[in-house]
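From first to last, the protein sequence lines stand for chains A and B. Just so we're aligned, residue 9 is where the first sequence starts under this note's numbering, counting upward by one. Just so we're aligned, residue 9 is where the second sequence starts under this note's numbering, counting upward by one.
In short, the hints are calculated from the structure, not lab data. A portion of the hints provided could be inaccurate.
Note: identical chains are not told apart, hence a pair may lie in one copy or across any two.
Stated by the list, open to error - List of simulated lysine to aspartate or glutamate pairs, DMTMM-like, C-alpha gap at most 25 Å:
#1 K302 with E216
#2 K415 with D101
#3 K107 with D247
#4 K363 with D101
#5 K52 with E133
#6 K363 with E409
#7 K415 with D357
#8 K28 with D357
#9 K107 with E367
#10 K94 with D333
#11 K28 with E177
#12 K20 with E216
#13 K28 with D343
#14 K61 with D247
#15 K61 with E12
Protein chains: 2
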Amino acid sequence: MTLENSINVIAKAARQSARKMAVCSTTNKNQVLETIAKKLASQKMTIQTENQKDLEYGREKGLSNAMIDRLTLSDKVIDSMIQGLKEVAQLPDPVGSVKDSFIRPNGLQVSRVRIPLGVIGIIYESRPNVTIDAAALCLKAGNAIVLRGGSEAYHSNMCLSSLIHEALEECGLPGEAVQYIPTRDRAAIKIMLTQEEYIDLIIPRGGEGLIRFVVQNSSIPVLKHYKGVCHVYVDEGADLSMSENICFNAKVQRPGVCNAMETMLVHKSIAPTFLPAMARHFVDEGVELRGCTKTCEIFPETRPAKDEDWGAEFLDLILAVKVVDSMDEAIAHIDQYSSNHTEAIVTSDYTRAMKFIREVDSSVVLVNASTRFNDGGQLGLGAEIGISTSKLHAFGPMGAEELTGTKFIVLGDGQIRE
Amino acid sequence: MTLENSINVIAKAARQSARKMAVCSTTNKNQVLETIAKKLASQKMTIQTENQKDLEYGREKGLSNAMIDRLTLSDKVIDSMIQGLKEVAQLPDPVGSVKDSFIRPNGLQVSRVRIPLGVIGIIYESRPNVTIDAAALCLKAGNAIVLRGGSEAYHSNMCLSSLIHEALEECGLPGEAVQYIPTRDRAAIKIMLTQEEYIDLIIPRGGEGLIRFVVQNSSIPVLKHYKGVCHVYVDEGADLSMSENICFNAKVQRPGVCNAMETMLVHKSIAPTFLPAMARHFVDEGVELRGCTKTCEIFPETRPAKDEDWGAEFLDLILAVKVVDSMDEAIAHIDQYSSNHTEAIVTSDYTRAMKFIREVDSSVVLVNASTRFNDGGQLGLGAEIGISTSKLHAFGPMGAEELTGTKFIVLGDGQIRE
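Chain A extracted, bound-state conformation (with noise of 0.2 Å):
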């Protein structure tokens, strides 16, 4: 059988099991959730010695530090797989909840209802616990999945799959509901890509390279999030000490991640009053500062900023600065530079506050909040399987809601059109 013939049965049998699983009661699916928790822990062993043979070859194919640690699934990775399938199993089941209903005046009951969007595909990079988190979610949501991760997680992949795989079967549904890409051949992605009639979404997570790839090459749909540059505005009149919390909470408290600060706008009425000690705060936190030449005359220690800096996802202690004169500017800034995930304001004023919220054109908004509260456990969406960044479906974090859509279901009694 050539490559594309067995992603096209793969993609086939997935779409014919999304069938059953779409019709699945809520206690099913919870029990499919314990039951591959509890084959995490029994055969915690057994995934751990397929993990060891992805390290050695990752080893061997001279892999980075932090991309062997990203690999690596210890006993603390699996803890918190158990936990996160936990935490699935408790989250409500939207499938079946009704988004709107009303009776039109013929006497036509009609409403809305959410169902499973059907075949999900999910192509992924290293971390082989996204195998879980991922296919964890979409069960939720009644879904079936096509798994296709890095070539270096080979076999934890295929490990931990087929660990699901037996989940569902001894559920009593269809293992074929999640399904791993079997070859680290990566002609397989764009084979997949094409499986327009068997698979629904496809949700890439990793690095912008991969991402601009599957968008090039997908006739299915994407829900994608190519990268984070999060803004903070610091307002004139806004509380000093107010925006020196959030601004060190964005920028230091988990650097590495998407919604970090990676560019601070500062009013220039209050510059000279909040950049010093903000600035030596960073400083002292071993935060590099890159700023806009005023910032440099008021905070000698800065860097001055490249025209690169601006829109930069430093995902690392770095910050670029820039003194604004106006809200408008610094509006327009971000406009330019940001990348539509988060921006936050700190101010005091109503009708600024108002203004930023309707003009900035970002997945989450915030007023005088940390922009770290972009993430769906914060917002209260419970798990999350990503953040888009693109407006069409789902704008922001994606919960086990954002994996289901709605169709029309109409009640009469046998009306009939004029």
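Position chain B relative to chain A; hints supplied.
Showing chain B alone in chain A's frame:
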């Protein structure tokens, strides 16, 4: 300037104007719609002169009478565009409406608020009235639009889109919020479909060929509607007169549209009492019946169905009829042949009604009502831009709300992440 450059300039200008449209007031948007309506009325002569050029070109090219008819901007068609604009002006504005709002344990107020999608690309075939109808709904939802109609309607479309441009500018909004790709060159479509950076969504309207072409070539998400192969299943024990009314309405009231019934499934236990009178009624109305063996036995004027009749979108006075042994067989048949558009059951049994609703995977599922109700107006959405048969973002009729997304707004008083 190459074609590629000129389309790039158009798409970029649309993106820039989208930012202004997004924050424009409802009053201002409605003013645009009313101004367009006035212009259509006052410049009817100009429009029809331009339309005449297309009609002459079409006749030279040997277009069928039906095609010429669809191309013609008669007084009646222009009046209906004017009426459509007035109706869209009266619809509620989806932008700014709150989908969800709640307070998190830490005091953050989290809301999801409707926002425009951004820039919508519409690719359509012969009817030039789509230029007005589609633009009106997209503008109402605060979007910018890039239009590309059929080459045979070139002059009409250019004329209509320039009226919209004028109306926007007169109302103080950027004319570039509605642009028409000013060339007959078909290569323009492929280029438009790569403007992923500037266009957020593509809606193709036309035959299956056009839609497949768009899906294959687009790196932009596509909301699509392939075809409507709609089924009505007459259950055992269904009310005979209700069944006959619904089936007759679904097939005959307007056979050329996507929500007309194409296949009627009849439970074997009701077939002997239901089918003879129903079939006679159809045949008397000029409907050609193509049936399974049992149907042919019960009503010998039926032509034996060929394999390709199941799943065919006749769009005509032709109906496929099948007698099924069970409701499960009916659902399996629908699963195999339907286009996920519209399916109805006629039944008096509660459990079977619920099962049909749950298991049938179509955008609109009806109990005891005609398939003809799958329509934005009929289901209470106001005007519609089309019917989506895929589940992502929208499934079923798409009104103004479906041309928006949501963003998260988070109001705090200094919260940081621990």
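Which numbered hints are broken by the structure, listed smallest first? Hints 1, 3, 10, 14 and 15 are the ones this structure does not satisfy, whereas the remaining hints hold.
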